[in-house]
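The primary structure of each chain is shown beneath.
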Amino acid sequence: MSKVKVAILGSGNIGTDLMIKLGRSEILELTTVIGIDPESDGLRRAKELGYTAIDTGLEGFLERPELADIVFDATSAKAHIRHAKLLKEAGKKVIDMTPAARGPFVVPSVNMGSNIEAENINLITCGGQATIPMVHAVNRVSPVEYAEIVATISSRSAGPGTRANIDEFTVTTSRGIEEVGGAKKGKAIIILNPAEPPILMRDTVYALVEEGKMDEAKITQSIKEMEKAVQSYVPGYRLRTEPIFDGNKVTIFIEVEGAGDYLPKYSGNLDIMTAAGVKVAEEFAKNLKANQLV
Amino acid sequence: MTNARDIFITEVALRDGSHAIAHQFTVDQVLKVAKALNDAGVPYIEVSHGDGLAGSSLQYGLSRTNELELIEAAVSVADKSKIAVLLLPGIGTVKDLKEAAKLGAKMARVATHVTEADVSLQHIHAAKELGMETVGFLMMSHMAPVDKLVEQAKLMESYGADSIYVVDSAGALLPEGVRERIRALKQHVGVNIGFHGHNNLSLAMANTLVAIEEGATRIDGSVRCLGAGAGNTQTEVLVAVLDRMGIKTGVDVYKMMDLAEEIVAPILQTPQEITRDSLVLGYAGVYSSFALHAKRAASKFGIDSRDILIELGKRKVVGGQEDMIVDVAAEIAKAKSVETVR
Chain P
1 MSKVKVAILG SGNIGTDLMI KLGRSEILEL TTVIGIDPES DGLRRAKELG YTAIDTGLEG
61 FLERPELADI VFDATSAKAH IRHAKLLKEA GKKVIDMTPA ARGPFVVPSV NMGSNIEAEN
121 INLITCGGQA TIPMVHAVNR VSPVEYAEIV ATISSRSAGP GTRANIDEFT VTTSRGIEEV
181 GGAKKGKAII ILNPAEPPIL MRDTVYALVE EGKMDEAKIT QSIKEMEKAV QSYVPGYRLR
241 TEPIFDGNKV TIFIEVEGAG DYLPKYSGNL DIMTAAGVKV AEEFAKNLKA NQLV
Chain X
1 MTNARDIFIT EVALRDGSHA IAHQFTVDQV LKVAKALNDA GVPYIEVSHG DGLAGSSLQY
61 GLSRTNELEL IEAAVSVADK SKIAVLLLPG IGTVKDLKEA AKLGAKMARV ATHVTEADVS
121 LQHIHAAKEL GMETVGFLMM SHMAPVDKLV EQAKLMESYG ADSIYVVDSA GALLPEGVRE
181 RIRALKQHVG VNIGFHGHNN LSLAMANTLV AIEEGATRID GSVRCLGAGA GNTQTEVLVA
241 VLDRMGIKTG VDVYKMMDLA EEIVAPILQT PQEITRDSLV LGYAGVYSSF ALHAKRAASK
301 FGIDSRDILI ELGKRKVVGG QEDMIVDVAA EIAKAKSVET VR
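For the protein sequence lines, the chains are P and X, in the order given.
Mapped onto the working numbering, the consecutive letters of the first sequence carry residue numbers 1 to 294.
Mapped onto the working numbering, the consecutive letters of the second sequence carry residue numbers 1 to 342.
Bound-form chain X, shown alone:
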């Protein structure tokens, strides 16, 4: 396999996939997945709680295994791939980043809501000082107009981010929305541009191809769609498609197929598909990790999870506001019981 890559893929199953399995990854699973990805030639493997470093919480779900152990495990089997970590300022801190770097993490992806880039300054600076490659990760990109996105990307670039991602956390962007965003960033930002999709509207692959067409060179995928909601752009499919298009990823297609089938598929309790809940995430523009929480709240309060997600979309709730799910569910249930009494 040649070293020349047109596109650099980051595999996010061991981070975004944490949402899909309620943060239950084990050291053994991470060792197997990371080793296989390394052997297949995937350049970056992200490992963290779904909500980033220090995400293990009552708000988002407690990790079965301390993520630092998972990061250490991944590093131990990755002699070619670099291990990346996610950090959301307001949840994780510089201290957490330092611990991850000490264990051998080489890339820091610092994520903020698309309009709040300035909270990433201290973390991007710290990552640079630690000698890490840095990514500015603008989440919920569909919620801001293009000029706002450009302004925020420029801030992250000025802090020293090596790459800036358009992150479609809700899987709500349509291909034309991806096109105009990536095009604008290519025009106004000098660093690498990346795209992170979710497949809630079955558009992750189409959106990714549009992003690449417009000049994105950093792409996220999750094997077997092991990511929040309906998962991300399916990595093994993506490398096959790009291979057919003559675009070099440096990743072995057969090895990806094998690890998807033999190692990742057994981790999933149910195969990832576009259920009505994940479809509603994309349709209402709601953060993909809300899916499981909404399902739980719906059954606790005896209501339809779609009603919760649609209401959250209306209220313009941002990533991380999982506490709003129970709050809104309680409100809907209360309103319903009042109706019934009448």
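Chain P on its own, in the form it takes in the complex:
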């Protein structure tokens, strides 16, 4: 069976890490990397690896739209607003890696199925990808009244974009905890830790369930199943300890080690985004194939 063709828009850290991950996919065929700087490390690498490297931005790709059916946008929220419109007109499936939040929020282990026909999906934030599966894992057993997550990442793995607009992280992640995780109310906190050597990404999830609805055994089982589900596309995702129960509160400790593709292992926060992006693209591709067969 032939693979589904994909392109990456953006030749920075995220785009380049995607390039390496897509090279391993059995369902997706990366054909094209699109950037605006022919000297960028990403575009040079793309050429070396034999992909079509377009250095004239999205317009250059739209002249040759047959190059891909699915496009990853790894540019910026601002640029994505323009890209989203053009890619929609061109009939491409879009996986938005920026915080632009044009399309529905997707966490592959939680709500991929209900968004399989969406033309543009958004991956929320790294903290969202790491913690929302666990909020959902609790919520599917006992309704979550309130969920709060704390994401601690190494200073080195927080790029200038994240730093200049850190509110975007807290606001978007909180929304994702509610809309995708299912909590009635969500809150998100992000902390940058400058320790050297850099720390792995750590996330803590606190969930308050409805009074009288706590089922420790079932929640523990649900959390462990979810850990496996996320590990299927983010191998470095793991629970640090057993969940801690206290009345109607459960606390879950997570650690995310990156695959060390383009980005170093400590930046699990970036790895979980690119890994989730590839997972979504693979599900899109399977669906496209299935539709073609019918």
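Do not take every clue at face value.
Non-contacting residues of chain P with respect to chain X, defined by C-beta distances greater than 10 Å in every case (computed) [what the hints assert, rightly or not]: (1) Lys5; (2) Glu29; (3) Asp37; (4) Leu49; (5) Ala118; (6) Glu148; (7) Arg163; (8) Asn287.
Across the chosen pairs, the derived CB separations fall in these ranges [to be verified]: (9) P:Lys265 with X:Asp243: 55 to 61 Å; (10) X:Asp28 with P:Pro160: 30 to 36 Å; (11) X:Gly215 with P:Pro160: 29 to 35 Å; (12) X:Lys316 with P:Pro104: 52 to 58 Å; (13) X:Leu268 with P:Ala217: 39 to 45 Å.
Don't read these hints as lab results, they were simulated from the structure.
Small disclaimer: the values here were computed from a predicted structure and weren't measured.
Beta carbons are placed, not taken as given, at the ideal position from N, Cα and C, and that holds for glycine.
Assemble the complex: chain P is given as a structure, and chain X must be docked to it using the hints.
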């Protein structure tokens, strides 16, 4: 009392003190404290959750009263003093700042870890646009070398901060460490320089005097040491000492003594003193608000809270990482039980 002030004091009991009483302030307490501080001539009164706007959380402790109500209460009785709020980017947002400004807060203190100043850009800008006086608050200043501190202070200055503080969040700095930091900032930064101390090593007053000697003009204190850990530089003592030194604060010494004794002391369940836990905070260089959390975790896991704090210090944990306390406590308890089995 004359209006000319050599030193501008910010009273932090209604913010930093929130840690010491597990965020249980009531509107009535805030009304009384803020009114008395206003009448005593304290120029700035900080009111917020201990971890700043939107700090009420499972991670740091839920507020008994919504902090916006507390801010509103303080504003209502402060006709001379300005009400300040604290904001930690990553916890609070520009939206929270706007709400506080709408209620009448006039100063925004934007706090980041000493090496992460660039996350404060959007909040300092927003505060300026709201017409607020702005402070860049470099927390855990003991963790970075002097040149790094200077570099980060310059960033905050470039964003528009009116003052930059050296914040000794762990109460770990020794007087010479304060001296070299304030001196360097005076040399390289044009805006007002401030100092915020904690008394974990009984050095808050000494450190504050060194900071003033080196040119700091903005000083934080907490009445009766109502602040995290062993509390901050004790404000009523500070104004008395500065008065004896001929340094003008514009604050009435007797009124400060009275409000400390009659209004603030009854709020404290136990008097603030340097307990072994707060001493360990300063000794290990750990964020002062970790004290109560470590105590709780120690009793839950049946271990010594000092072991938790020392381990957190070794791991270079920064302010805000309260979730590490239970995590580390669980690890220590597990290691101990393995030892016992052997």
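Evaluation of the provided hints:
1. Lys5: For Lys5 (chain P), whose nearest Cβ neighbour in chain X is about 39 Å away, the distance exceeds 10 Å, so it holds.
2. Glu29: holds, 39 Å
3. Asp37: With a cut-off of 10 Å, Asp37 (chain P) remains clear of chain X, as the shortest Cβ separation is near 23 Å.
4. Leu49: Holds: least Cβ distance 34 Å, greater than 10 Å.
5. Ala118: With a cut-off of 10 Å, Ala118 (chain P) remains clear of chain X, as the shortest Cβ separation is near 28 Å.
6. Glu148: Given a closest Cβ separation of 5 Å, the condition is violated.
7. Arg163: Its Cβ does come within 10 Å of chain X, the nearest being 5 Å, so this is violated.
8. Asn287: holds, 37 Å
9. P:Lys265 with X:Asp243: 55 to 61 Å: holds, 57 Å
10. X:Asp28 with P:Pro160: 30 to 36 Å: Given a distance of about 46 Å, which is not inside 30 to 36 Å, the answer is violated.
11. X:Gly215 with P:Pro160: 29 to 35 Å: holds, 33 Å
12. X:Lys316 with P:Pro104: 52 to 58 Å: Violated, since Lys316 (chain X) and Pro104 (chain P) (Cβ atoms, about 39 Å apart) do not stay within the stated range.
13. X:Leu268 with P:Ala217: 39 to 45 Å: Because 43 Å falls inside the window, the suggested range holds.
When held up to the earlier numbered hints, the structure conflicts with 6, 7, 10, 12 and fits the remainder.
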